[in-house]
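**Student:** Here is how the chains run, residue by residue.
There are 2 protein chains.
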Amino acid sequence: MTQATELYFDFLCPYAWRGVELAAVLKEGGEAFTLRHYSLVEGNHAENAKELTWRVTEQPLDEGSAYQQGSLRAFLASHAAALQGEAAHWAFTLALFRAHHERKEPLTDDTIQAAAQEAGLDLNAFTAALTEEATRRAELRAELDAAREVGVFGTPTYVLPTGEAAYYRFETLTREPAQAREWWTLYTTMLTSEAGIGTIKRAKNRPPRRA
Amino acid sequence: MTQATELYFDFLCPYAWRGVELAAVLKEGGEAFTLRHYSLVEGNHAENAKELTWRVTEQPLDEGSAYQQGSLRAFLASHAAALQGEAAHWAFTLALFRAHHERKEPLTDDTIQAAAQEAGLDLNAFTAALTEEATRRAELRAELDAAREVGVFGTPTYVLPTGEAAYYRFETLTREPAQAREWWTLYTTMLTSEAGIGTIKRAKNRPPRRA
Numbered sequence: 008m009t010q011a012t013e014l015y016f017d018f019l020c021p022y023a024w025r026g027v028e029l030a031a032v033l034k035e036g037g038e039a040f041t042l043r044h045y046s047l048v049e050g051n052h053a054e055n056a057k058e059l060t061w062r063v064t065e066q067p068l069d070e071g072s073a074y075q076q077g078s079l080r081a082f083l084a085s086h087a088a089a090l091q092g093e094a095a096h097w098a099f100t101l102a103l104f105r106a107h108h109e110r111k112e113p114l115t116d117d118t119i120q121a122a123a124q125e126a127g128l129d130l131n132a133f134t135a136a137l138t139e140e141a142t143r144r145a146e147l148r149a150e151l152d153a154a155r156e157v158g159v160f161g162t163p164t165y166v167l168p169t170g171e172a173a174y175y176r177f178e179t180l181t182r183e184p185a186q187a188r189e190w191w192t193l194y195t196t197m198l199t200s201e202a203g204i205g206t207i208k209r210a211k212n213r214p215p216r217r218a
Numbered sequence: 008m009t010q011a012t013e014l015y016f017d018f019l020c021p022y023a024w025r026g027v028e029l030a031a032v033l034k035e036g037g038e039a040f041t042l043r044h045y046s047l048v049e050g051n052h053a054e055n056a057k058e059l060t061w062r063v064t065e066q067p068l069d070e071g072s073a074y075q076q077g078s079l080r081a082f083l084a085s086h087a088a089a090l091q092g093e094a095a096h097w098a099f100t101l102a103l104f105r106a107h108h109e110r111k112e113p114l115t116d117d118t119i120q121a122a123a124q125e126a127g128l129d130l131n132a133f134t135a136a137l138t139e140e141a142t143r144r145a146e147l148r149a150e151l152d153a154a155r156e157v158g159v160f161g162t163p164t165y166v167l168p169t170g171e172a173a174y175y176r177f178e179t180l181t182r183e184p185a186q187a188r189e190w191w192t193l194y195t196t197m198l199t200s201e202a203g204i205g206t207i208k209r210a211k212n213r214p215p216r217r218a
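Heads up: the sequence lines are chains A and B, in that order.
Note that the first sequence covers residues 8 to 218 in my numbering.
Note that the second sequence covers residues 8 to 218 in my numbering.
What the hints contain is simulated information worked out from the structure, not anything from laboratory work.
Heads up, the beta-carbon is just placed ideally off N, CA and C, and yes, glycines get one too.
Keep in mind that a hint or two might mislead.
[Claimed, not checked] Taking lysine-lysine pairs in the DSSO-like style, the calculated list, with each CA pair at most 27 Å apart, reads: (1) A:Lys211 - B:Lys211; (2) B:Lys208 - A:Lys57; (3) B:Lys34 - B:Lys211; (4) A:Lys111 - A:Lys57; (5) B:Lys57 - A:Lys208; (6) A:Lys34 - B:Lys34; (7) B:Lys211 - A:Lys57; (8) B:Lys34 - A:Lys208; (9) A:Lys34 - B:Lys208; (10) A:Lys57 - A:Lys211; (11) B:Lys208 - B:Lys57; (12) B:Lys211 - A:Lys111; (13) A:Lys211 - A:Lys34; (14) A:Lys211 - B:Lys208; (15) B:Lys57 - A:Lys57; (16) B:Lys111 - A:Lys211.
[What the hints assert, rightly or not] Covered stretches of chain A (in silico footprint by chain B; criterion: 3 or more residues with CB under 8 Å from a CB of chain B, positions within the stretch not fixed): (17) 85–95; (18) 99–110; (19) 152–159; (20) 162–171; (21) 190–198.
Work the whole structure out from these sequences, hints included.
**Tutor:** Below, the structure is given as structure tokens:
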């Protein structure tokens, strides 16, 4: 585990989706990644700017809540899926991301159940794990607190085994191994450069090209 | 000129200093850069967040002004130096950056005069150009407005001849050609990657290494 790159993501985020797809391709090629959760709604809310005044893990599951925007149900389901092993967790995570960002389905219970089925989960065990809601919330809280330690502010953020960590926002989805490797090498080269690069960020009126 | 990369900078900024030093090294190697001004104080002020409610070019030269923080005098001097040609402008810009960020001298008239001398400017012509203050302010305004068109928000920001533009923040000063070339290639590769990279930004609690 200590050699794996941690990948912080939120199901709400289309950039996180592309980041998880990138990692999934690299994982096939032998690169190790661990899935981790970060809540954009909790982390970027104005009321939480100075200190944490409320927590997504203490919100109701009501999808209309402005304090979690449907993300909480997806996070808890992700923890429930993780109990079935790493492969099951990745399959579920990719299935739910694709449902939400590729097929534009909402993060409802129906979508989550369909993703669990698509991922080949043991559905009875999945449902049982979801009913242990307090435990799933506690697992999520631990990861959100870990993200705060790192200073994650957006998704995807990768934390390399060497401790380097940065947000990586890109527009183009790839499932092509050579391309995924190239984009990953570019990112890690930047993070480990002797230049001590803190930020490269596109000027506001010059959006990145879409391939 | 159309083949040159535009480099937006503010004398207040230590990252812009390293960015200008980087460009100066690359320029020796044949890469073309044009110096351009961007005001961090004007651009990042809360009162200017939605629209421009005040302009640094309309502020008094008083160094204590919160609305220009000593940057205006340096900008006008930079335009005065530019009248003596490109080489003179680069020499003055580097001299003033080094005085302010390497030797920690304030951006006062004395420091500016010393930088002009160090850069080998014609001091009488320089002084005369500074007295044509309205013209220098108008030249500066044109560049600040151009920066707004690009959506510059920080310095250094480079605008490539192909139109790609991004803020590039790094910690390490280099005057070594191979290193400068490596760091520039990394930046331009990122900007032109088919990934469509918008941002790579270090997590808040993981500052970049200093070499």
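**Student:** Which numbered conditions among the earlier hints are violated in the structure presented, ordered from lowest to highest?
**Tutor:** 3, 4, 6, 12, 13, 16, 17, 18
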